[in-house]
Each structure stands twice: as C-alpha cells, then as structure tokens.
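Chains as they are written, first to last, in this note's numbering: chain Z, 4 to 362; chain A, 19 to 383.
Hints are computed from structural coordinates only; laboratory data are not their basis.
For every residue, glycine included, the Cβ atom is placed at its ideal position computed from N, Cα and C.
Hints are not guaranteed to be accurate.
What the hints assert, rightly or not - Computed beta-carbon distance windows for the label pairs:
no.	chain 1	residue 1	chain 2	residue 2	range
1	Z	Thr221	A	Pro298	44 to 50 Å
2	A	Ala368	Z	Arg238	18 to 24 Å
3	Z	Met347	A	Glu188	14 to 20 Å
4	Z	Phe98	A	Glu188	33 to 39 Å
5	A	Ser152	Z	Arg292	49 to 55 Å
6	A	Leu335	Z	Pro181	32 to 38 Å
7	A	His294	Z	Arg86	48 to 54 Å
8	Z	Thr317	A	Ala284	36 to 42 Å
9	A	Ala317	Z	Gln22	47 to 53 Å
10	Z	Ala163	A	Ala284	42 to 48 Å
11	A	Ala284	Z	Ala45	35 to 41 Å
12	A	Gln356	Z	His81	57 to 63 Å
13	A	Ala317	Z	Arg292	22 to 28 Å
14	Z	Pro280	A	His294	58 to 64 Å
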Amino acid sequence: MATDHMTPSVLARRPPSSQTPTLALIGCGAFAEAFYLPAMAAHLPDVLRTLILVDTRLERARYLAARFGAGEACADYHDVLTRIDGAILAIPHAFHHAAAVTLLSNGVHVLCEKPLTLSAQDAHDMVAAADRAGAVLAANYVQRLFPSNVKVREMLRDGALGRIEHITYDWGSEFTWPTVSGFYFGPDGRRQYGVLADRGAHALDLICWWLGAKPHVTEVRTDALGGLDAVAQIRLQHEGCTIDIRLSWLSKLANRYTVCGSEAEIENNYETWDVLPVRSRSGEVRTLRLPTTKRAYRDYAVDVVADFINAFQTGTAPLVPARDVVASVELIEACYAAAVPFDMPWTKVESVLDGRSQA
Amino acid sequence: MAAAKPDILITGASGFIGGRVSEVLCLTGMATVRAGIHRWTGSGLARLARLPVAIVPCDVLDPAQVAEALAGVDVVIHCVLGDYHTNVEGTRHLLDAARRHGVARVVFLSSAEVYRARSGIVDETAPCCPASHSYSGSKTTGEELCWDAAAQGLPVTVLRPSIVYGPFSEIWIVRFAQRLLSGQWHTFHGFGDGICNLIYVDDLVRGIWLAATRDEAIGQAFNLNGPEIVTWNDFFRRFNATLDQPPLTEQGAASALGRAATMEVARRALVAVKNHLAEPIKTRLLGGPRKTRLGAVAAQAQTSVRATPSLYELRHLFSRQAVFDDAKARRMLGYTPQYDLDQGLALCAAWLAHHQYIRAFGRVA
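So here's chain A without its partners, still in its complex pose:
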C-alpha cells in the first residue's frame, strides 16, 4: 500500500468491531480515520465520539452519502452489519463507489458463518453456503460482489473471522454475562462440547490491519481465529470464574431441551408483543419506567428466557464441532493472535464492571 499514513474510511464505525478498529487506528496514529456512521444517535456513536476522530455520515444504503464519505480515501474497511438488504445492497454501493474513486484497498468483513460448517477443520478452500436471505447467505453474496469488483480491478480482501468477543460485544459478552449472573445458567451435557472459535476483538483488528496493508492480501480470503480451541462449556466455566460467580452446575440433555422448548413459547410471545403491539398499547399494558403488574410478569419472563439457551443454540451453535483454521493468514500475513481466552475475558470483566453491568445485574457487589 502506497500511503505511509493512509486515509481510512471505516463503515459501521459505531458498531462493536468498527468502533474498536476506529479506536486503535486513531489512537496509534497509524491512519487518518474517517468513522462512517448511519445515524446521529446511539451509544456506539457516543463511544466513537470519545476519540478525536472525524465522524462522517455514511449510510451504505445511500449511494450519494457513500460516495461523499469515500472520496479521497486510500482504504475502506467495511464493518457494516445489518439486515440482508443492508449487507448486500450496502456492500454493492460501497464497492461501486470504491471502484469509481480508485480506492487502493477494500477490506470486507465477512464471517466464518459463510461455511455453515458442522464439523472438521475448515479452511478457506471449503465451499461457502449459497446466497440466501440469512445472515450467512448475505455474507456469501457480499463476498461474491467483492470478487466481481476484484475482477474489475478493485484490490479487495475478504476476512472471515469466527466468533468475535470483547468489550462492547452485546451478543457474546453482555448477553452471556447476564446469563451467568442470573444464577440460572449451566454447562450443558451433550450440547456444550462444541468448539467455540472465539477471537478477541483486538486480534481481529490486527488481522484487519494486516489485510489493509499487506500486498499479499489482495484478492484473498482469510479465516481469522483466536489462539485457543475451547468448547462452549469451557467458555461458560471460564467466563463464570472471571465474573467471580459460584461454579456452574451441569444440566442434563433432556432437562436442557425441555426447558429450552418451554422457553421457546415464551420467547415467541415476547417477540410478538415487542414487534406487533403499538407503543401506546404496550405502555398501557406493561407500563413505562414503572411497570404494571403485567409488565413485571413480562420482565420476569424476559429474564428467564434470556437465562435459557434457545433450541438453536443447543442443537447447532453449542454442538458444532468445526474449527476455523487460520493457518493461511498466519502463513501469508504473519497473523498471530495474542489474546488467550482468560486474558480476553479479564478485559471484558473489567469493562463490564466499569459500565456497572455487573452491579446492575444484581449478582456481584
């Protein structure tokens, strides 16, 4: 890459991964960062604004806004995560604009989910799932758009990280901390021995930087994973210990499935209420900051649902035996993940305490 200190546009900069990429590139001074956001609100935006970084409107569904955000940049790191339409059409707009503006490198954040692998050692030669309206299908389509753009001369690199965790991760840290702190979470006999494939966010940022700066990365796809192979039950135990909680008990397979099936009904009912009832009716039935009796029951149900694995998690996610092999990134880019699980989780626990999630959940002083 030509520029010693490249001008980099990060799309989805108010998200979990985009936020940390922005933070690292800005605070190391290794790049001049344009942090692309799609709206002027949200805690991710507040997080981003703690940096002396240029924040630019970049709704990837608005081609004019994308073109303006991207004008003059050397590198685009595409971290947007949205629904199918956003993932696919947004990527299309971004690649079109990057090609027109002669951007020197585009790094597309895909996902190891494109393999939909159930078992085995999975490297980049494994087939990707068909394009579809699922999350993984949208990433496959995004990759196909990248390869089309590459065929027209755009230098593109595709990254397929596994499960990315770290501070500000709602899915893998906040939600699992809530579950562990609820006192209702377990290890799961017969279901929790699948491989977790966790990568700490800073290791991913290192991988992104290598992909953005190494010529060997052009036109390639790379898996990125963490340094350890751990099972989901390992993850639960070690995160639980990091949060200083009493040891987890193991739940039998039949019991886990039965509870999950029961909670699935409650989960669907809560989703239906959330998605289909008008706000004024919801407020009247459930209350606002001060809940009605029905609202209190719904909140209790919500807590129980959150503290119970879904059938999908038990049968698929926690049971999956696939290992996403990042040997290619290690060999070609010199990628070496630095954070083992205990180091990563210790940072997450410190972050949770800082934001008073731990006290707010009521299980830890």
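With the rest of the complex left out, here is chain Z:
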C-alpha cells in the first residue's frame, strides 16, 4: 500500500520506454490550481507539456495553461476525446458521473476527484462503464495515502489494538476553500450536499477502509435548514464497534481521530501523518515514527497523478480504485437518507417577525 517512498517508486515504475501520455485536466477551479498543476509543474513536466486544460470558462483554462505551461486549453472535453489517454476529473461532484461514463466509454482512463459521486447508483454505473471499456477508473481519496492512515489500517488488520470498540473522527474548520465558481453553494437555492459529502467523503472512506467493511448507520444529525449541511454528526455501528464522526464547515473542532481497542488505542491529529501515538491498556504510550518528506496536502498530488499514469500504462491497479470507495458513497447516501435536524433553538423563527412559522 501507499507509503512515502511511493513517489520515487511510482515514478520509477513507469516503463522508461513508455510514451508520455496525453492527459486532460477537466475542471480548472481552485483544486486544479492548488493541487494538480503545481505538482505536475514540479515533478511531471513532460506530462504537463502535453496536458490539455478543459473548462467551460475557456478564459480560465487559458489563464492556467499559460501560467503553468500546459499544452493547450479548450472549453469542452468532447472535443479532445480521441486525443487523450487519460482524464483527471476536477469538476463539480454532480457532473462526475456523466463525464466519467462518457470518457470511459470512449476508452479514456479516468482519475476522479472525491467524492466519486453523490449517489451509489451513479458510482456503480461508473465502475461498470470502466469494466466494459477495460479502462482504469481511479479515485483521489488522498487521505488513504497518509502514512499514519496506512499504519492504522495495518494495525487493525493485524489485530494490534485487540477488539475494536470505538472510533471517533472529528474534522471541522471554517470553510475557507477558495472556490472559483461557487459550485458548492450553487446560486439557484437547490443545494443539498454539504460537509457530509465533502469532508465526510474522506472520513467515511477511511472508516470503511480501516475496518475493511461498511458499517451501518445508527443516527445522523445535520444543521440543514432546507439547503445543505454545514455541520453533521454521524453514528455508525460495525459489529461491536461504535463510530462517531463530527464534521463542520462552521467552526474548528478537535480535529482528531481515536481508535480504541480492547488492548490499545490510537489518538492522532487527522493531518499528522508522520507519527502515530499508541497507548496500551497499561497507559504506556509508544509513538510510531513514520518518516516522510510530505509537508503539505498538495505534496501528495504527484503520487496520485504518477500512480494513475502508471496504472493505465502498466495495467496494474491504481492505489485507490474507484471500486474500493463505492462502499463509502453508499454510506454517505445512507447518512443523508437517515439525517434528522439537530436541536437548534437559536434558529427558530416563529416569533421573530410575529409572522408565519416554518412549515
């Protein structure tokens, strides 16, 4: 599985004789600008030189192409379907399914941003389309690449913590993502997928991956008031293990996860990927060191892209096949279906205007 040594090894695994692939980066929003393009500029200049940037706002695509030195820019990926080997989908979540199915059906390999889709049926469709075409469908769930998360999975698989009884995962901070298009919040008022689909995609995928199973939903509360959720509290159950997840776009939370077993427990900051403190039942704390050169989230981008290219050039499985994250897409869908409102007396409006109350 992924380790810090992946970057050189993944790059080295690319056959020296292989041609530089032609990729399209579809969607030129903030994520493309902050994550993919700087990594390609620094580590994959040959890929960048032939990269086609695609965005319905052609000016934006042209601007980024000029700034980073990408090969060309265009407004519609249909225009380049026959010229590309692979595509990175960094468009709004709601468009992943349609674009991926079109690309895959035309034999184009796809690396899709998280969340893979917003519905389980769409996720299954995408995987089936990849299978039919014999194409790679990879997903960027970058937290699976963190050495600390890899280690947690290994320890759970090996029973190093004993019987797992409780997992918590808190991730909250003010929403400061510099979204270019505002797609998260859509101007038309028909929005319904918030922090649970966004940060929950990572959190719920990690839980499924760590446990090697999909827990069932016990209780979900959100603060949606007819729009999307900005705070969500999720309780899941898997055999004897209770999982509590708290997500927020509105305030800073503890930003830690705990994995408590009958023999030992782990407590770590969710973005601390180079150490893993393990406390035994006797109270002794052993800190596992996980050497890494990664300093920031974006440092993982080169691994993600290089692994994707390697997968379709060598026929090996990508680090995160889309098939593997379908369980978490199903879980998110189940969470939304089960969601009920928090008790939030400060949001009551009935008496404020002496007018009509919320239906």
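Add chain A to chain Z, keeping to what the hints say.
Relative to chain Z, chain A alone:
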C-alpha cells in the same frame, strides 16, 4: 409597502446580521430572499447555504454586480460591514442602483456608534459624529448618502442598533466566551460599570422587518436597543454564569490598567507579525498546524492578550454611560424587543456548545 411577499435583497448576507436576517425572512416565508455575498467562500457562506435561498454575487464595490443583484427587487436591506471604502463607496453604489431600479425601500444598517456618545440618554435628535475614516465616521457618511438619495425620491430608512449580540457574533459572543473560559477574565472596578446597550440579533431582525414594511419608517432614522439596561460587569457576570464558570473576581483599577498597558505592547507586536511578515517566513518561524517553540510562545501570548481588556475597552467602551433610547421606534413602528439578556445568552451558550467552542476552549466538559 405594496408587495404582499416582497422580493428582498440582503447585502452582506454571509455576515453575522445579514445571515440571520436571511434565515428569518427565508424560513418564515415572509419574503423572497436574494442573499447577496461578496465572495464564494467563508463559513458565513456555508451558514447561508443551509437555507433554500438564492445566493447572488453582490460585491458592493462592483457597480455592475450590484445592479444585477438588485434588478427587480422591492426592498434592499443593506447589512454590509467592511472598511471605510467598502462602507462608503459600497453604499453609494447601492443607493445609485436602487434609485435607478425604482426600489420601493432601502433599509440602511448604521450604528449607534455614529453618536460617539459618552453619557446621557441619546435619542435620534443627538448630533452624529463628523464623517471620517473611522468606523463610526463611515457610518455617518453612509447616512449622509442615504439622506441625499432620499432627497432624490428614494424611500430610505436608517437604523442605528446598539451592540448586537447572538449566535455567530464573533466580537461579542465568541471573543467574550473565549475570555471568560480562559479563567483570566474579571469584572473591572471603576471601568466595567458603563452601560452595555446589548440587543439580541432577533430583536434587531424584528426592527429591520418593521423598517422595511411600515410606511411610517420612510425618511426616518431609528435607534434600536434591547429591553434591559445592563452594565458591562453585569454582562460579564451573567454570561459567565450561563457558561457555568466559577464566579469572576473583581480586578482593581490600577491592576487592570497596568495589565492592559503591558498587553498592549504584546498586542502590537502580534499584529505587526501578522500584518507585515510574509507567509513563508511566518510559517518557518512559527510553524503551521504544528507549531515551533517560538510559535507555541506566540500562541500563549495571543491567548493572554485576548484574555486582557485593551486600554480602549477599559477607558472608553466599558466606561461609557450613554443609553441609546429606542422610544421613537417603539412609538412609530411598534418595536418591542423580546429577548432579555439571560434569554439571549442562553441561546448563545447553546450555540457555542453546538459548535464545540466551549469544549475547544478547554474549560468546560
């Protein structure tokens, strides 16, 4: 106002007050809301997006965007809070566009700070401070622009709320909760007996609605205040009790002034670091999510600075004896504030707990 269910543009809708105005008008179904924002990011935007409300770009410094956001609306509630330029030029753009589009009513959120009053019962006949680059001066200028627009036929109402508190208030709730939960906050002998003039945000929303819908409001300015006259020390004690903290001790005047003066130096140093050091240098010196030793010291200093009143607060804000009289709004608009301090603070404490501010500050389980 003609429309039974008016189309209302709320500027600054991702802010503390604009957010609650949007929430109430949307969820009561009393208006069709356009929530105007100036950028597609921020927790205020995430808060707003919880509603089934139309969010529209409305950077008040961009006249074209303002005109587009405002086309076809009946009422504009102008809640933008920014720097001097934003407050003044943004208001100018908004009023110009409102006049051109024949908007039926503009409600301008000014502030009781326009009086810069130190004492006495202050009603709407009191003089406003001169226009200047200060916050209060920018509000005075905004009001002058409103009266100019009114003279050209635009139906405008100016509201001068006192200190508005409630959930999502960073200044009066989050910051004071941090201070109280730090265990380093006090009541202040000789400084904390000034009048606080707190108004719960929902009472302000009620006042805004009355100003937007009552014909008597046109061309008028109104003070809006809460139902109780409390001192700052009262506020500290009652908020502290609501947060279930040990009773506050009183700090003597000399001690309070001495500590404030010392912390003023640290405050200025921290501001200088924040404003003048380049990000990469700051990160190298102080660390990122994981702090360097110097970063840990700076964070500790920041906590101490936050938990200490500034000299301005002691000498001016907490000592001010002025009461902003809202009798005119009560008489002409039927405004009656509903939330006493304990009711308002109880809602704030519940909100703080929901967002885990209380646990995050480490003083309450």
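Hints, verified against the model:
1. Judged by the Cβ atoms, the range 44 to 50 Å given for Thr221 of chain Z and Pro298 of chain A holds: they are separated by roughly 45 Å.
2. For Ala368 of chain A and Arg238 of chain Z, the Cβ-Cβ distance of about 21 Å falls inside the hinted range of 18 to 24 Å, so the restraint holds.
3. About 19 Å separates the C-beta atoms of Met347 of chain Z and Glu188 of chain A, a value consistent with the hinted range of 14 to 20 Å.
4. Checking the proposed 33 to 39 Å range against Phe98 of chain Z and Glu188 of chain A shows it holds: the Cβ atoms sit about 35 Å from each other.
5. The given range of 49 to 55 Å is respected by Ser152 of chain A and Arg292 of chain Z, whose C-beta atoms sit roughly 54 Å from each other.
6. Distance hint check for Leu335 of chain A and Pro181 of chain Z: the Cβ-Cβ separation is about 35 Å, which falls inside the suggested range of 32 to 38 Å.
7. For the pair His294 of chain A and Arg86 of chain Z, the beta carbons lie near 49 Å from each other, so the given range of 48 to 54 Å is met.
8. A C-beta distance of roughly 58 Å is found between Thr317 of chain Z and Ala284 of chain A, which places it outside the suggested range of 36 to 42 Å.
9. The hint said 47 to 53 Å for the Cβ distance between Ala317 of chain A and Gln22 of chain Z, and at roughly 51 Å that hint holds.
10. Roughly 46 Å separates the CB atoms of Ala163 of chain Z and Ala284 of chain A, a value that falls within the hinted 42 to 48 Å.
11. In this structure the supplied range 35 to 41 Å holds for Ala284 of chain A paired with Ala45 of chain Z, their Cβ-Cβ distance being about 39 Å.
12. The hinted range of 57 to 63 Å is satisfied by Gln356 of chain A and His81 of chain Z, whose Cβ atoms lie roughly 58 Å apart.
13. Checked against the hint of 22 to 28 Å, the pair Ala317 of chain A and Arg292 of chain Z passes, with Cβ atoms roughly 25 Å apart.
14. Range check, Pro280 of chain Z to His294 of chain A: Cβ separation about 37 Å, and the 58 to 64 Å hint is violated.
Violated hints, listed in ascending order, are 8 and 14; each of the other numbered hints is respected by the structure.
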